[in-house]
Amino acid sequence: MSGDDAKITVTINGDEREVPAGLTVRGLLAHLELQEGTVVVEWNREIVRRDRYDDVDVTAGDTIELVHFVGGG
Amino acid sequence: MAAESKDIDTFDEPLRIGGHEIRSRLILGTGKYIDNETMVEAITASGTDVVTVAVRRVDLDRTKEEGVLYHLDPKKWFLLPNTAGCYTAEEAVRYARLAREAGFSEWVKLEVIGDQETLLPDVEGLLEATRTLVSEGFKVLTYTNEDLITALKLEDAGAAAVMPLASPIGSGLGLLNPYHIRLIKSRLTVPIIVDAGVGTASDACETMEQGVDGILMNTAIAAAKDPVRMALAMKDATRAGRLAYLAGRMPKREQAAPSSPTTGMLD
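So the protein lines, in turn, are chains A and B.
Numbered continuously in the numbering used here, the first sequence closes out at residue 74.
Numbered continuously in the numbering used here, the second sequence closes out at residue 413.
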């Protein structure tokens, strides 16, 4: 992730964002400073289990949802 | 508290939903509290074992510690995720799957809303989502209106509990239709938990007096001037209503009947 600083654009939680190219889901969570375990990842409408975080590559144009529990009735 | 436990064991039994035993018949929502400290204090005061939570996007531009899990210990309270805010079966199923992935349980409080103004449920959507989720192994607790036929269909669809409303969500109007709630309770086998509409302690007591298995509330406590006091009041009212139901009320009569002996009076 150094040197040429290649970036890709993905949609995260409804907003387009530039993130470093070549990240896995685990890398993306680290990049966003999110703690694994409190967040659930949906990648192109598909839930990514925690044990697959290293297997799924984030590529340009992906749509990613990162959700967690908030107060609710 | 030992006295409390003995009390429950002696005079009531735990609530059983989908193979789980719950000691408190009061379930609390975690929304709309003025701050997290008040929420935790109120939940603790209520004696509840189960609290509901919602699934929402992480706010990437704000503090990383805003999720409710930073404040609620999942070892202390059973977390029941809801599908609040969903208007179609498909959407509700998507939220339920995400919630399950958080890894706490297969339980979900299913909501499919049919109308923005009243937040009344879409019964077709409820049935469809219940069937789908049950087939995927979820334990579905379905929020619904107080209609017997819908309740029967939800039970047939495999709902682990049916949760008819007392009145619309967040309205605080209390139990508008006790007859229909009793009817649903008398005809279904799964637990009936009245969900939404309770405004104050007497509403909770009256609701439990109908013989239902439990009650779920949020705004009545969160929006009280003093949520912790109201949580205590709701705890007592829920138990009082439950015990009054189990005790069996005396018949009503139009005439007075003296409580003291009519004999042995002085000349």
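These are computed hints drawn from the structure, not numbers from a lab.
Beta carbons: idealized from backbone N, C-alpha and C, even for Gly.
Careful, some of the hints might be misleading.
Not the full set, but computed from the structure, chain B residues with beta-carbon under 7 Å of chain A [as the list claims (entries may be wrong)]: (1) T176; (2) G177; (3) A230; (4) L319; (5) N364; (6) A390; (7) G394; (8) R395.
Verification of the hints:
Interface restraint check: T176(B) against chain A, minimum CB-CB distance 4 Å, threshold 7 Å, status holds. At about 4 Å, the closest approach between the beta carbon of G177(B) and any beta carbon in chain A falls short of 7 Å, and the interface hint on this residue holds. Restraint check, A230(B) versus chain A: the minimum CB separation of about 5 Å is within 7 Å; hint holds. Violation of the interface hint for L319(B) is found here, the shortest Cβ-Cβ separation to chain A being roughly 15 Å, above the 7 Å cut-off.
Interface restraint check for N364(B): the shortest CB-CB distance to chain A comes to about 3 Å, inside 7 Å, so the restraint holds. Hint status for A390(B) relative to chain A: violated, with the closest Cβ pair at about 26 Å, above 7 Å. Because the smallest distance between the Cβ of G394(B) and any Cβ of chain A comes to about 32 Å, over 7 Å, the interface hint for this residue is violated. Interface restraint check: R395(B) against chain A, minimum CB-CB distance 30 Å, threshold 7 Å, status violated.
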